[in-house]
Each structure stands twice: as structure tokens, then as C-alpha cells.
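Protein chains: 2
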Amino acid sequence: MQDLESLSASQAIRALTRREIKATDLLLACLDRIGQRENTVRAWTSLGKESALRRAKELDRGSVKGLLHGLPIGVKDIYDTYDLPTSYGSSIYTNHYPAIDAVSIALMRQAGGIILGKTVSTEFASFKSGPTANPHNQHHTPGGSSSGSAAAIADFMVPLATGSQTAGSIIRPASFCGVIGFKPSLGKISTAGVKSLSQTMDTMGCFGRTIGDVGLGVAAMSGDHELATIRELHNKPRLAICKTADWRMAQKETAGALALARFAAEAIAKGKVDDYKLPTPFNDISQIQTRIMTAEISRSLTFEQIRFPKKISPQLTQQLSNGASISYEQYAKDLIRASELKLLITQIFNNEVDVLIAPSAIGEAPATKENTGDPIFCRGWTLLGLPCININITTGTLGLPVGVQLIAGTGKDHLLLSVARAIAYALPDPVARDQA
Amino acid sequence: MQDLESLSASQAIRALTRREIKATDLLLACLDRIGQRENTVRAWTSLGKESALRRAKELDRGSVKGLLHGLPIGVKDIYDTYDLPTSYGSSIYTNHYPAIDAVSIALMRQAGGIILGKTVSTEFASFKSGPTANPHNQHHTPGGSSSGSAAAIADFMVPLATGSQTAGSIIRPASFCGVIGFKPSLGKISTAGVKSLSQTMDTMGCFGRTIGDVGLGVAAMSGDHELATIRELHNKPRLAICKTADWRMAQKETAGALALARFAAEAIAKGKVDDYKLPTPFNDISQIQTRIMTAEISRSLTFEQIRFPKKISPQLTQQLSNGASISYEQYAKDLIRASELKLLITQIFNNEVDVLIAPSAIGEAPATKENTGDPIFCRGWTLLGLPCININITTGTLGLPVGVQLIAGTGKDHLLLSVARAIAYALPDPVARDQA
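Residue numbers (the numbering used here), protein chains in the order written: chain A, 1 to 436; chain B, 1 to 436.
If you are wondering where the hints come from, they were derived from the structure by calculation, not from laboratory data.
You may find that some hints are simply not true.
Just so you know, same-sequence chains aren't split out, so a pair can sit in one copy or run between any two.
[Unchecked claim] BS3-like cross-link-like pairs, simulated, lysine-lysine; straight-line CA separation at most 25 Å:
| no. | residue 1 | residue 2 |
| --- | --- | --- |
| 1 | LYS342 | LYS412 |
| 2 | LYS333 | LYS412 |
| 3 | LYS252 | LYS369 |
Taking the hints into account, I'd like the entire structure generated from these sequences.
Right, here's the structure in full:
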């Protein structure tokens, strides 16, 4: 049998529910791995060892609780947890214990999940990075804002971890760390109890090492339990490559990953996998997303700006000031543009294509821990509220992972997972196929 | 000069910013009124007298802070406040002090608003009523779930108070208490820091005694400061009466209010004010809203169901159990229906009508404090995310107020306020005209 800590969430759940392994042993294996690696990776802000062990023992003794029975889970530290400190990535909230779990965390516990600890977020899930290193090379960023969750999954510390995305905070770190990141349709998972950046775009999701794992995670977090079982494709999907208006930013590693993804896609698609050029109204979508997000963050963090201005980093202070200078008139115009683009993309997914394949990031993880990389290739898809999944495709010239993201129409989360699995199976690299 | 506590928010702000009155005196007048009436009305769960007085003195000494400079405000007790206990209408959270203000509350404080206290909510803004009485007749309900806020405004305890609506929790109590209730477009005000019932429909808003007052409140809560100034109508609006598929539920008082509203509307409308019959796909919208809300509440309160099942009322326990029995498949179908209806209503507001006039409630406030009345006439509009405002129209056979609601297209909040004011000016009853 392989080491317990290297089991995927789906493998672990199969073994746990058949009582072939104990939740306690899986948890201890994860804690061992964390003990060996945390000094280097620094993925965690807190661990609840005792309460997790107590819970694991209860679950080993009792009946099967649900989809996540006995699974150790990392929770991004912008999700409220009643039993673990929740700092939102800010020194303002050191040792803050919320009274209530975030709704999605309570749902994971109800499904038998064991919340093992909290993972590093950038400051308020914005741009100032935390201490986490990329497990593949500690001098590189793991991406952000869900830095700790992506790194913990890549480093086999836990099989499942939560994330959130307002610009590119799930897809980008997933690509940089070589793991699966799944941002389901906007609104699928409740945002209640998660520190709010943008009321228009904050989207909850999760990380895992296989496509089945993230389906399982989002199934529990949302209540859509059928997502835990990925359906076979009955018809060949219409697939296309979408380089977006920001393609000039893509580095050669991203171009290479997209070429490999096209190759795999052609093996399963209906017809040829052509490039799909979005209509011209989409040309400035990244700018629209940036303005809406910046304006909304500035209002969302009003409490902290009034009471703790000196505990906000200079970077974020600058961003908040940028946000405050955006007129409400501009913001309202951008919201109207966003709703027009949502209508347009709905028509495109209804009539022309089932899944688009697009860059996840500019290239490999940059050699810095001062910032978490550029979310440019995620901004538009997040604004549109579409389900997106990063799959790992190849290794770049620096020896770091490079992924691509697949995108489906709103509400087509099931289809997206099915297509992602089919494409992963068709990838040339046998390691990449393990994701399926 | 009239008594300070009877000034509308807009009158008070004008006098405060011109330094004709002091914030301290206005606050003391409100506290006096509360002292006289609270034993009967029971609108409040807590008052922060000392901190409010301290803040009022600061504001009297300093420069004008913003839109709400020196205005005492009541906050529905499902909004988090860092300095006042926040119980969400549940005994689970007695003496709970959140670490952070709800975003909209921080914005009100930033604008110079003084949070005077928390107002009674039904249990988790659901259906089990609190102790509040209707100020017009203490044996009748004030409506819910924003019971305390509506009653406090009607009883001249404060000039402005926040509310929230998932089914009919702003419009219905506004109608029962004879005040203005404004539920702006879905998403206009951030829901962050407000206890979540339904991720799809929870909508923040406020109560006041004039249309200008609720514009002012939502301006501060949202950041759309232009809502504080109601624009003149430059063109005659297209108006229609919309009785909805639930019209059989309307009592004669509601029919009478609608007739009076039609009379006033005809004085300002472009052409005749006819009945508008929504297309047949809208026939079951109240049922769709009920299923989505019930399913989502059941997930949103998972934490409380796991940890404090005995502190949930039998009524709510039953509702949560109903919600848990709705399949995700049904829920997903209902969400698709909702998005289809949103598209359809957008076309209707683009092409056929500017503002619809519809019942706010079945009739007068029922003679009970065991429940808060039926939200049937609000369910559909809330699901559609449209801005709605209740204006007081007449007095029913029981001597209690009866309002109607006006409804505009998404994002047309400014237009809605302008039309509401024009209609209020055209009402036959001089008291009703005071609302304008």
C-alpha cells in the first residue's frame, strides 16, 4: 500500500468508508508529513492537532458520516472556523476566534470532514504575500491568494484544501503548484462566513490532487452531492482553445502547455479543436474586472481602514486608495458591462462550444516570494462567474509545473469535471494522467 | 421647531450639517422617546447609549463627516456590530460580540452615522417572531423579519434603521407599520457581515419615514452617494399595476390601496395606468422562491444544527427539515427557472414599463404576535432581485396602515425613488404626501 499521506482524497475516502484504513492513521500520516516539511513550505497558520485527533477517533468508532468521512482538510485562513484562529492573512486579527464556522466549513464537517488546520492566505486574500514557498522550489512563489492550500496539496500534507478566487486565487496557485484547483460556478458555494473582498466576484472552491478530489470537495461544500461522482461523457464535447485578449502576456511555457492540451483535447473532441476568438466586447474584460474588484475591496475593508489603518500593509493601503478614487458612476457602468458580457458568454456556451481551454497563468511560478504572480488570465472568467478548473499539463524550463484551465458555461460544473477527466486521460505525460 | 425625534432623516441631516441642531440633542430626544415607548413597542435588543453619546459629542465638535453626520441609526440584529451584542434573533448568540462590523454598518459609521442600538429580528430573520408590537396597535404584529427596525421608525424612536429581505422582510413590515421600506437591487449593498439565510436572495436595505430618508440610507450603505439626492423626473414614466398570480390572497384593504395608488399614478404617468399581467412563466414564481429559500436556509444554518439543535425553535426546526428534503436536482432546476425569469423581467422593464405598482402585503397587520404575516406578495420580486419600495397609502378597516410597493428594473434604483416621490406627492391623503 502507498503511504497514507500520498493517497488522493477519493482513494482515501474509498478506503476509509470500507474501513480498510483508519481516519486516525491517515491524520497521523498527514501530521508526520507536515512535521517534516512545514519549516520549508510554511503552508499553515495554525493546526488543530488535538481536536482533529479527537474527531478522527470518533469517526473511526462511529458510522460513516458522509462524503468526507475521516478526511483531513486544510482551510484557507479567510474562512471562519469556530475552533481555530482566523486571521484573514492580517495582523489585525491575530488570535481572532469567530463564533461560527463559514457555511461551507460547517457543511464539510457535517459530511465527516476533519478540519486539520488553517492555511496561509495573502493579506485579506489580496496581493501582499505570506511566508509560503512553492514546494517544487522554495525560492519561488506558490501563487496566491490561496497560497497555503495549494502548497499543502502539492506537498502531500493533506488531500483536500479550500480556496477562494476573486481574480485568480485558485487557478493560478494550482497551476504554479501543479495541482487541481476548482472554482465552481459563482454562487454554487455560499460565501457566508468568508472574509469578503468583492460582493460581485468572491467565489469559493478547493484544491486536490485529482479531478475526482475537487469534485468531492465542492460536492460537500455546496450540497450538490452528485459532483462527487464524475459522469462519463456520452457525447463528444465541442472544445476550443481561447487565448483571450491578454495572450501577449503568455510566456512560452504557457504556450507549450496549451499546445499539449490541444493535442489531448483533439483525442476526445467533436471535430477539430480550433482557436476561439471571443467577440470584441470581451477585449477589456480584465480591466473591467480590475476596476470592479478594486472599488469593492475599498468598501469591503472600511472597518479595518477606520480602526486599524496602521496594520494594513503599504501595498494594500495603495490598492484601497486606488479603489476609493474609482467613481461610483464608473463602477456602475462596469457592472452593466459585466452583465452584458455574461449574457453574451451564455449564448456562446449555449450555441458554439461546451468547454474552452485557456491559460491558467503567464508561465511558471516567478522566482520571488514578494508577490504571488499575475492573475491576468483568470480575471475575466471570474467576473463572468463561470466554472473553471486547472489541470497540470507539463513542466517548464525552470522545472516547475504549468497548467491550463478549462472553462464551461454557468451551472455546467458536472460537464466541466467530466471533460477535464477525459482530457487528463488523453495527456501524453503519464504523471499528468494520475490527475484523472 | 418640531420635536427633534420627529424630524425625518433628511430634515435632521440638513439641520445637523448646518449646525442648527446638535447630534447630542437629537440623540437625547431619540433616547427619551425610546424611554417612553420601549416597554410597549419592544423594538430593541440592545442600546449603546454611552458610546452613541460619546460619538455624538465628537461629531458635534468635529467637521462634517459625511452623508449621515450625527444621525442616530437602528441596526437590525442580524447585522454584525463590533461594539453591540449581535444575537441574530436566536438564544444561541446571546451576548455574542462579533469582531468586525458588517460592511454596510462600517460604511454608515464612516459617513458619520451613529449606531444607537440593535433592533429585534425574528429568529435568524426567518419566521419565528420576536417580542415587538406594532406601534399603531400593540396587539398586532409589526411584520417581520425586520420587526424592530420598522416599528422603531414608525414610533419615532430613530429616523433611520437597517433591514434585510429574503422573502418579504422589508416591504411587509414597512406596509404594516406605515413607513417607507426600500430594498434596493440585489447586490447593491454588500451582505458581508450579515447572518446569511439565502446566498441567492438575501438583500440589504433600510427603513425611514420619507422617500428621501431611505435614499440617504442606501446611499451610505452602498457607496452610491447619488441616491441621497432624488432626481426630478424629466419624462413621464410608463406605469402599470401588477396584481401577480397571487392576487386571490389580497384582502379588500390591499385592493383599496392599489386603487388609490393607481389614481395617484395616473396623475404622473405617461398614458393610462393599466393592469399588467405577467407572462405565464411567472405564475409559480412564489413557489420557486419558497423552495430556493427553504433549501438554502437549511444549508446556511448547518453550524447551528450541528452544535445547538435544542436552541432552534420548533418552527424553524420544521422549516430546516423541509429544506433538507428538497433535492439538489429540484433546487438546481429552480435556479435555472429563476435565471430565465430574470431575463424575461429585464426585457419587460426594458420594453414595456418603467415601474410596476403591486401589493406589499395581503392586508393590514394581523392581530397576532405569534407570526409576522404572509410575505407572499414579495417573494417573486425578491427572487428577481429588483429594487422595491413600500409607500404608505391608506388606513384599513382596523385602523392600521396599508401600503403598496413600487418595483423597477434591476439597477434602476434612482428611477424608482424618483417615481415613488412623484406618486407620493400625487396621493389624495395629505399625511401620505409627507412621505415624499
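Right, here's what the structure says about each hint:
Proximity of LYS342 and LYS412 under a CA criterion of 25 Å is satisfied in both settings, with 14 Å inside one chain copy and 19 Å between copies. Only between protomers do LYS333 and LYS412 lie at most 25 Å apart by alpha-carbon distance; the minimum there is 12 Å, versus 28 Å within a single protomer. For the homomeric pair LYS252 and LYS369, the shortest alpha-carbon distance inside one copy (22 Å) is at most 25 Å, but the shortest distance between copies (69 Å) is not.
The earlier numbered hints are all upheld by this structure, with none contradicted.
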